[in-house]
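As you go down the protein sequences, you meet chains D and X in turn. If you read the first sequence in the numbering used here, its first letter stands for residue 21, the second for the next number, and so on. If you read the second sequence in the numbering used here, its first letter stands for residue 9, the second for the next number, and so on.
Just so you know, these hints were derived from the structure itself, not from any lab. A virtual CB, placed ideally from N, CA and C, is assigned to each residue, including glycine. Heads up, some of the hints might be wrong.
Below, a list of computed lysine-lysine pairs in the DSBU-like style, where the Cα atoms sit at most 35 Å apart [as the list claims (entries may be wrong)]:
#1 X:120 with D:77
#2 X:65 with D:37
#3 X:79 with X:30
#4 D:37 with X:79
#5 D:31 with X:65
#6 D:37 with X:120
#7 X:30 with D:35
#8 X:66 with X:50
#9 D:37 with X:50
#10 X:45 with X:66
#11 X:65 with D:35
#12 X:45 with X:65
#13 X:120 with X:30
Computed, partial: chain D to chain X, Cβ under 7 Å [what the hints assert, rightly or not]:
#14 22
#15 48
#16 63
#17 65
#18 88
If you want the building blocks of each chain, they are given just below.
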Amino acid sequence: GAGVSQSPSNKVTEKGKDVELRCDPISGHTALYWYRQSLGQGLEFLIYFQGNSAPDKSGLPSDRFSAERTGGSVSTLTIQRTQQEDSAVYLCASSFGTGVTGELFFGEGSRLTVL
Amino acid sequence: GENVEQHPSTLSVQEGDSAVIKCTYSDSASNYFPWYKQELGKRPQLIIDIRSNVGEKKDQRIAVTLNKTAKHFSLHITETQPEDSAVYFCAASMLSNTGKLIFGQGTTLQVKP
């Protein structure tokens, strides 16, 4: 597709369940980010993938959060044993890589609601 | 790591007035400073950016200034219009293959007709 694609757009789950959020970046983009945006809040950095380098996981809030990027393209953010405070919009973004141009292209986000 | 502080958190101006949003950053190695606009219910989009080799950049009604010594940068919007109402985010990173973009907390700008 022409833009960053995220799925699902909305997810409602029960506390304690695991969820997976998917991101399909723009073709050719080597950098991929996950951010979290709680209601009325800023963009909280979670994890960053750049090419074949080890991901920067410094923003993950707990070990319940993990992410992988297969084949340098699609990424999946997994949240295990979800808690109510995990409710937020999870935004994925991709770019050509900050060594070339810094512009990030964001997806529409996945809105997670934990009951 | 990098930390970006943004002020004010909310800003209300009359249509036609100017708006200024300020950010400070902590990592002196940062050399790339973009601004993103997020309209209600939409994704953030880049509106302007500046690199550390220049002190000011303009694009029509918006401009960004950078003071590397003080580690702060600002967004200036002149002749504001109702469609400028949105949340604005500043960010900082190092332009390299390892740099990651860290955002400020955002400023909600309301332009009153």
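Right, here's what the structure says about each hint:
1. X:120 with D:77: violated (41 Å)
2. X:65 with D:37: violated (48 Å)
3. X:79 with X:30: holds (11 Å)
4. D:37 with X:79: Not OK: residue 37 of chain D and residue 79 of chain X at ~43 Å, beyond 35 Å, violated.
5. D:31 with X:65: Roughly 41 Å between the alpha carbons, so the hint for residue 31 of chain D and residue 65 of chain X is violated.
6. D:37 with X:120: Not satisfied, since the Cα-Cα distance of roughly 44 Å exceeds 35 Å.
7. X:30 with D:35: violated (39 Å)
8. X:66 with X:50: holds (25 Å)
9. D:37 with X:50: Distance of about 28 Å is within 35 Å: holds.
10. X:45 with X:66: The given pair, whose Cα atoms are some 16 Å apart, holds under the 35 Å limit.
11. X:65 with D:35: Answer violated: residue 65 of chain X to residue 35 of chain D is near 47 Å, above 35 Å.
12. X:45 with X:65: holds (17 Å)
13. X:120 with X:30: holds (21 Å)
14. 22: At about 13 Å, which exceeds the 7 Å cut-off, the nearest Cβ of chain X leaves the hint on residue 22 of chain D violated.
15. 48: violated (15 Å)
16. 63: Constraint on residue 63 of chain D satisfied, holds at 4 Å.
17. 65: Holds. Min distance 6 Å.
18. 88: This hint is violated: residue 88 of chain D lies away from chain X, its Cβ roughly 17 Å from the closest one there, beyond 7 Å.
The earlier numbered hints that this structure contradicts are 1, 2, 4, 5, 6, 7, 11, 14, 15, 18.
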